[in-house]
Every structure is written in C-alpha cells, then in structure tokens.
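Here the protein sequences come in this chain order: A and B.
Counting in our numbering, the first sequence tops out at residue 218, every number present.
Counting in our numbering, the second sequence tops out at residue 218, every number present.
One or more of the hints may lead you astray.
Intra- or inter-copy, both count: the list cannot distinguish identical chains.
To be verified - When the alpha-carbon atoms are kept at most 27 Å apart in a straight line, the in silico DSSO-like pairs for lysine-lysine are as follows: (1) K143 - K154; (2) K202 - K52; (3) K2 - K52; (4) K143 - K52; (5) K186 - K41; (6) K2 - K41; (7) K154 - K2; (8) K2 - K162; (9) K143 - K202; (10) K162 - K143; (11) K154 - K41.
Since the hints were derived computationally from the structure, they do not count as laboratory data.
As a plain string of letters, each chain reads:
Protein chains: 2
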Amino acid sequence: MKKVVLIYSGGLDSTVLLYDCINQGFEVRALSIDYGQRHRKELEAAAQITEKLGVEHKVADLSSISTLLQSSLTNPDLEIPEGHYADENMKITVVPNRNMIMLSIAAGWAISTGSDAIAYAAHGGDHAIYPDCREEFANALDKAIQLADWNTVKLWRPYVEKTKAEIVALGHRLGVPFENAWSCYKGGEIHCGKCGTCVERKEAFEIAEVPDPTLYEA
Amino acid sequence: MKKVVLIYSGGLDSTVLLYDCINQGFEVRALSIDYGQRHRKELEAAAQITEKLGVEHKVADLSSISTLLQSSLTNPDLEIPEGHYADENMKITVVPNRNMIMLSIAAGWAISTGSDAIAYAAHGGDHAIYPDCREEFANALDKAIQLADWNTVKLWRPYVEKTKAEIVALGHRLGVPFENAWSCYKGGEIHCGKCGTCVERKEAFEIAEVPDPTLYEA
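Given these sequences and hints, build the entire structure.
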C-alpha cells in the first residue's frame with residue numbers, strides 16, 4: 001500500500017494517522033468534510049497541520065446538505081450535551097450517515113487519483129453510540145467501496161483495535177504536535193474541557209501517561 | 001413500505017419510479033444531486049415535475065466536490081462522447097463513485113425523516129460500463145445502509161430486473177409526462193439525439209412501442 005486518501009478531520013486520531021502514514025512512506029492526500037459543523041476550528045486545524053507537512057489537502061463542502069441531516073452538531077438551535085462521549089445523551093450529536101457520506105466522497109477521490117486505500121482512523125472506543133462506527137457497518141462499506149470501481153480501493157482502518165489512549169501513545173512516539181489537533185465539539189477559542197470529545201481526549205492522555213499540551217477552559 | 005426517499009435525477013427512469021411510488025400510495029421525498037453536471041436541465045426538470053406533483057424536493061449541492069472527481073460530465077474541458085450508452089468510449093462519462101455518494105446522502109435524509117427505504121431506479125441495462133451499477137455493489141451498499149443507523153433503512157430497487165423499454169411501458173401505463181423528463185448528457189435546449197443517453201432513450205421508446213414525445217435535434 002503506497003498511495004492513500006486520508007479522512008482527515010483535524011482531530012487527534014486522524015492527525016496521528018496522518019503522521020503514521022508519512023512515517024510509513026505513503027503518498028498521502030488528506031480530505032476534510034465541511035458538513036456545517038459548529039466546531040469549524042477542526043477544519044482550520046486540518047488546513048494548518050497539512051500545510052506545515054506539505055500534504056495535499058482538500059475540503060469537500062457539504063454544508064448545503066446539513067439541512068437534510070438533523071444533529072446538534074449542525075443545528076445551532078440544539079444544545080451540545082456535556083458529559084462522557086459514550087453517554088446516552090450524546091446521541092443528539094450523531095450526524096445521520098456522516099461516515100458513509102465522508103467515505104463515499106473519499107472513495108471518489110481515491111478512484112480519481114488511482115489510490116490503493118482510504119485511511120480511516122476509526123478506533124475501538126467509537127462504536128458505543130454511533131451505529132455507523134460498528135465493525136459490521138465498516139466491513140459492509142469496505143466491500144461496497146471495493147466494488148465501486150474496476151480498480152480496487154480498500155478501506156484501511158489500522159486503529160480499529162486500538163483505544164484512544166493507545167493512539168495518543170503512538171502519536172507521542174511519532175512526534176505529533178497534539179496541541180494543534182482540534183477535538184472540542186463546542187468550537188470555542190480553546191477546548192471547553194467538558195463536552196464528550198474533550199472528556200475523552202483528557203482521559204486518553206491520562207491513561208497513556210503522556211503530557212497533555214491542550215489548553216482547556218475547565 | 002410507506003415512506004421513501006427517492007433518488008431523483010429528473011430523468012426518465014426516476015420519473016417513472018416517482019409516479020410509481022405515488023401510485024402505490026407512498027409518502028415520497030425526492031432528492032436530486034447537483035454534482036456540477038453539465039446537463040443542468042435535468043435539475044430543472046426534477047424541480048418542475050416534483051412541484052407539479054406537490055412532492056417535497058431537495059437538491060444536495062455537491063458541486064464543490066466536482067474537482068475531486070474526474071469525468072467528462074463535470075469537466076468542461078473533456079468532450080461528451082457520441083454513440084451508444086454501453087460503448088467503451090462512454091467510460092469518460094463515469095463520475096467516480098457517484099452512486100455511493102448519492103445513496104449515502106439519501107440514506108442520511110432517510111434516517112433523519114424516519115423513512116423505510118431509499119427508492120432507486122437502477123435498471124437492468126445500467127451495469128455494462130459503470131462498475132457501481134453492478135448488482136454486487138448495490139447489495140454490499142444495501143447492507144451498509146441497513147447498518148448505518150439503529151433503525152433499518154433499505155435500498156429498494158424495483159427496476160433492477162427491468163429493461164429501459166419495460167420502464168417506458170410502465171411509465172406509459174402510469175401516465176408519466178415523458179416530455180418533461182430530461183436525459184441528454186449535453187444539456188442543450190432540446191435533446192441532442194446523439195449522445196449515449198439520447199440513443200438509449202430513443203431505443204427504449206421504439207422497443208416499447210410507445211410514442212416518443214421527446215424533441216430531438218437529430
């Protein structure tokens with residue numbers, strides 16, 4: 001595997017995977033999706049990190065479809081819940097079918113560029129409340145992607161067995177500038193420290209026993 | 001099955017399916033995709049036909065991703081080939097992974113609206129040059145869509161065993177205003193009569209022995 005399209009949110013997991021791909025000598029193209037998310041900071045983070053690395057980066061603008069997809073991440077009238085990422089009340093942050101939409105666009109770009117795979121940083125802790133983070137879902141979609149063109153593009157998910165703490169540990173070894181990767185769903189000036197992804201991020205650094213360079217409000 | 005999201009191009013096949021759904025008493029929402037296609041006329045046709053029927057119609061604007069997807073349908077520097085739809089030279093009209101992108105957005109809307117299925121007018125003659133028209137592709141994607149949410153949305157393809165001529169015959173029985181449905185890839189004022197879809201359209205009316213109300217240049 002030499003040529004990949006990376007689904008790149010600008011968050012912690014996909015930034016580690018970006019460094020991981022480069023470290024393995026892959027030709028990487030990074031794709032971010034603008035689905036009208038309130039946390040625009042992650043798109044800025046993605047642009048800055050890829051620019052510094054000299055990696056081709058594109059943003060697919062899907063903001064026009066956000067009215068089709070009910071979620072607190074795209075609807076400013078809905079409140080972002082606080083608490084743990086895996087809690088029941090986090091369901092409101094689910095963007096219906098977001099992963100398939102992202103992956104299908106990435107597959108289109110991968111086919112156009114003759115890439116071998118889509119690199120996707122889905123990990124072990126992702127599945128609890130998001131139906132489209134389930135292993136069965138990814139396997140079915142992998143199969144569909146492999147059939148979408150005469151040349152085979154695979155869905156490559158190297159972190160699927162890892163915890164977020166293990167991803168942090170790997171990123172630490174690869175010298176990832178964690179302070180530049182954005183996680184917070186609220187999208188303020190600095191990480192809120194209280195929303196689901198902030199709680200999960202903090203926890204991962206603690207478990208991995210890696211110093212957390214993130215500035216949190218709380 | 002009562003509530004469906006129809007993939008609606010404004011072309012002949014999906015217009016017949018729209019009438020078919022209404023005839024069966026389904027609650028229909030129609031989704032068109034603006035992927036920067038040159039034949040914008042099909043989007044106008046879709047808007048007019050749904051408005052007349054009082055069907056909710058949305059256009060997902062994906063024109064910003066057309067630069068990711070190499071195809072003569074989206075790139076004005078490439079010429080649209082003439083000849084039969086199934087010819088080898090038509091491959092340049094393939095928009096990489098277009099079907100998966102369309103279907104994944106339709107699935108997102110279907111999940112948001114609590115719909116039972118995505119109605120998709122793929123038919124028997126579609127598979128020859130388009131890899132993502134293959135039965136195996138659709139089956140794998142159907143499985144992925146069913147797993148994309150906790151509620152099950154199915155991919156419903158009632159015309160998969162039909163020829164285009166059979167679809168024309170069905171539409172004739174349902175009183176479809178064929179003259180309003182747009183097929184031509186060139187997107188001029190009237191149908192060119194020479195591009196792949198025009199040739200296929202003409203042929204279907206001839207085989208079905210249904211009067212063709214389409215105005216062709218040639």
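List of violated hint numbers, smallest to largest: 4, 6, 9 and 11
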